[in-house]
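First to last, the protein sequences are chains A and B.
With my numbering applied, the first sequence corresponds to residues 905 to 1266, in that order.
With my numbering applied, the second sequence corresponds to residues 905 to 1266, in that order.
Certain hints may be false.
Which copy? The list can't say, so a pair holds if one copy fits it or any two copies do.
[Claimed, not checked] In silico DSS-like links for lysine-lysine, alpha-carbon gap of 27 Å or less:
#1 LYS1230 to LYS1070
#2 LYS1157 to LYS960
#3 LYS1227 to LYS1067
#4 LYS1232 to LYS1193
#5 LYS1230 to LYS946
#6 LYS1008 to LYS1215
#7 LYS1227 to LYS1215
#8 LYS1008 to LYS1076
#9 LYS1163 to LYS960
#10 LYS1157 to LYS969
#11 LYS1111 to LYS1070
#12 LYS1070 to LYS1215
#13 LYS1132 to LYS1076
#14 LYS946 to LYS960
#15 LYS1163 to LYS969
#16 LYS1127 to LYS1079
#17 LYS1215 to LYS1079
Hints in this document: simulated from the structure, not taken from any laboratory.
Number of protein chains: 2
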Amino acid sequence: MNRRKLLKTAAGAAVASTAIAAPAIAQSAPALRWRLTTSFPKTLDTLYGACDMFAKAIADLSDQKFQISVYGPGEVVPAFQVFDAVANNTVEMGNSASYYYIGKDLAFAFGTAVPFGLNTRQMNAWLAYGGGLDVLNELYGTFGIYGVPFGNTTAQMGGWFRKEIKSLDDLKGLKFRVGGVAGQVLSRLGIVPQQIPPGDIYPALEKGTIDAAEWIGPYDDEKLGFLKVAPYYYYPGWWEGCANGFLYINSAKWAELPKLYQNMVTIAAGQVAADLTAKYDARNAAAIKRLVAAGAQLRPFSNDILDASFKATNELFAEVSAKNPKFKALYDSTIAFRNEQYQWHQVCEATYDNYMIRRIRA
Amino acid sequence: MNRRKLLKTAAGAAVASTAIAAPAIAQSAPALRWRLTTSFPKTLDTLYGACDMFAKAIADLSDQKFQISVYGPGEVVPAFQVFDAVANNTVEMGNSASYYYIGKDLAFAFGTAVPFGLNTRQMNAWLAYGGGLDVLNELYGTFGIYGVPFGNTTAQMGGWFRKEIKSLDDLKGLKFRVGGVAGQVLSRLGIVPQQIPPGDIYPALEKGTIDAAEWIGPYDDEKLGFLKVAPYYYYPGWWEGCANGFLYINSAKWAELPKLYQNMVTIAAGQVAADLTAKYDARNAAAIKRLVAAGAQLRPFSNDILDASFKATNELFAEVSAKNPKFKALYDSTIAFRNEQYQWHQVCEATYDNYMIRRIRA
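The task is simple: from the sequences and hints, build the whole structure.
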């Protein structure tokens, strides 16, 4: 708590960087303090917790010499200014979702998820062994940022609806709290996308100002209580077959960081990222049971809705690709990788999973 | 190469431990050399490579002070004596598959995979957040070993068959190179399980001494060339919906290890484990394409075979549970976790994956 108070006290002063300058003499393990600001509030304890876990890992690996202080949205900068705060060196590092920054370039979407894109394991494979991370870092590099993958929330749900959505016609005029690329696709199907901060979603759904809202998945959604006012819980969130987070690091600060500390950041981020997915898998499975027991009505999106969304996605992406070479490079890479992955996935993983699902239902 | 020669030169001498003794005065980062022996040969470059990657990570995190030398099967001990070599402190650490040691207790199977068990992500979630690792470490602890998860090969294929297997009757008398728990289940269906070292499988298949052989998945299987003599490539390997590897550490050596180095081991193993799965996903997808192009005939196991195998598995596990409380504790934990996971998986992940598979086929 004192740290937060200190921060507020220092708020008027120049707080560009709290890093303790390394002495001119090369020192492989200097005392160092960095700041990490995240887009995710403490209430999203899985995502926020990954930042705490990372900071602890770095301290544990460096014998407490390299300390990272974690700040939530609004403590240093607002949630959606994390990328810029890192680029400007207001903080040395930040945790955010790449697709929050599609205003800069729609290509940013590929760092998190695109509609009908990769699933969680495919995303990890693409980033590490499909050239994905390299192409993304070329993009981030033009903003003075170096990105390290920081964990995946897994396939997300399609959101909470006040009424059942039985066909494509039911989407016309529907006010849906949904952001980013999904909003752009869905507007082609007649939906009116709404941008509403998390804290305002519940009253908007209750009053009927909006008809539906998507958030993340069972564990995170449960806390916002949408169930009471919009009980139809649709799946899958085809715009987020996975959602990958990033740790963004100021490129100049990264270059200055002793190699030993660079190794710690890379290795700890890899461990924290894997842990995040394990945590989501464990918690979501328990949460969906509680939600259904409390009255959530699970509904799959109909095939005509999925097919029309798939078509609209391909049309949008073809249009953007024709004009934006950075987008096209990432799109072509993602889609080629996705198609090859699903050709394999259908053989072994899907056959195994589908058999197990059939047995457990029986 | 010199390291290997040195090892052979020293082979007659006492080589119980090459660790440089830490001075009596507490020292958080002493110079230290440990040995890691793995069950997996260099030809399995994905698995062996994980050991090299781990050793490099530990060196990189410790400013080269903590060095780990990696040895393949036969260099220090044979492949299936890794666990005992660690328990006896012949080496400080080893990499192996828990189910190689079901001769000690069938409960060891749960550390790798059991028939109709967890998939890859579910295994990670169970180990970290389902209590799985704690229960496994109680078991390993009775042998003086501490285990750290070390990566998953993902769902494995069902193996290469000389002839098509169209129904349950085709299994009767079939000589199948398959090990462990799967062999015990399959023998209840009339199969005659065979234990053959990797290098002898190809000639045995060619001569017809055996009718079929399972190994791992497309990337690893491709190298052994089974395609030419047993072209029917069956899926899924329902006895390995995933296959988790372990890093085994001598408990006394672990207790002596400075906390700083313990942190490095835990965090680096987590990163290496996640990387292994990403590597398998990328490589298997490319390999299955090559195998099919070269003539591999993909075949799913028929439902009557899967159903009979599922039934035989449940019967075997109920029998063992009645006599073996350690097995029962791990079985009950695994199955409860699996059932909850698949109830969630069927909603979001499977619906998304199955839709994508349908689109990509179209």
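Checking LYS1111 and LYS1070: alpha-carbon separation at most 27 Å within a copy, between copies, both or neither?
Within one copy only: 22 Å inside a chain, 59 Å across chains, cut-off 27 Å.
Alpha-carbon proximity context of LYS1157 and LYS969, limit 27 Å: both (17 Å within a copy, 26 Å between copies)
| query | Within a copy, between copies, both or neither: where do LYS1215 and LYS1079 come within 27 Å Cα-Cα? | reply | within (21 Å within a copy, 49 Å between copies)
When Cα atoms must be at most 27 Å apart, do LYS1230 and LYS946 count as within-copy, between-copy, both, or neither? Close neither inside one copy (34 Å) nor across copies (39 Å); limit 27 Å.
- Task: At 27 Å max between alpha carbons, let me know whether LYS1008 reaches LYS1215 within a copy, between copies, both or neither.
- Result: within (25 Å within a copy, 56 Å between copies)
message: Checking an output row: LYS1132 and LYS1076, CA cutoff 27 Å. Within, between, both or neither?
response: within (24 Å within a copy, 57 Å between copies)
Practice problem: Since the copies are identical, ignore which copy is meant and state whether LYS1008 and LYS1076 lie within 27 Å (CA to CA) inside a copy, between copies, both or neither. | Solution: neither (29 Å within a copy, 64 Å between copies)
Could you figure out if LYS1157 and LYS960 sit no more than 27 Å apart (CA to CA) within one copy, between two copies, both or neither? both (20 Å within a copy, 24 Å between copies)
- Item | Homomeric proximity label, LYS946 with LYS960: Cα distance no greater than 27 Å | within (16 Å within a copy, 35 Å between copies)
message: If the cut is 27 Å between Cα atoms, do LYS1232 and LYS1193 qualify within a copy, between copies, both or neither?
response: between (41 Å within a copy, 25 Å between copies)
* To do: Since the copies are identical, ignore which copy is meant and state whether LYS1070 and LYS1215 lie within 27 Å (CA to CA) inside a copy, between copies, both or neither.
  => Cα proximity of LYS1070 and LYS1215: one copy only (19 Å, versus 39 Å across).
Point to revise | Up to 27 Å CA-CA - LYS960 versus LYS1163, copy category | key: both (19 Å within a copy, 14 Å between copies)
In this structure, the earlier hints numbered 1, 3, 5, 8 are contradicted, and the remaining ones agree with it.
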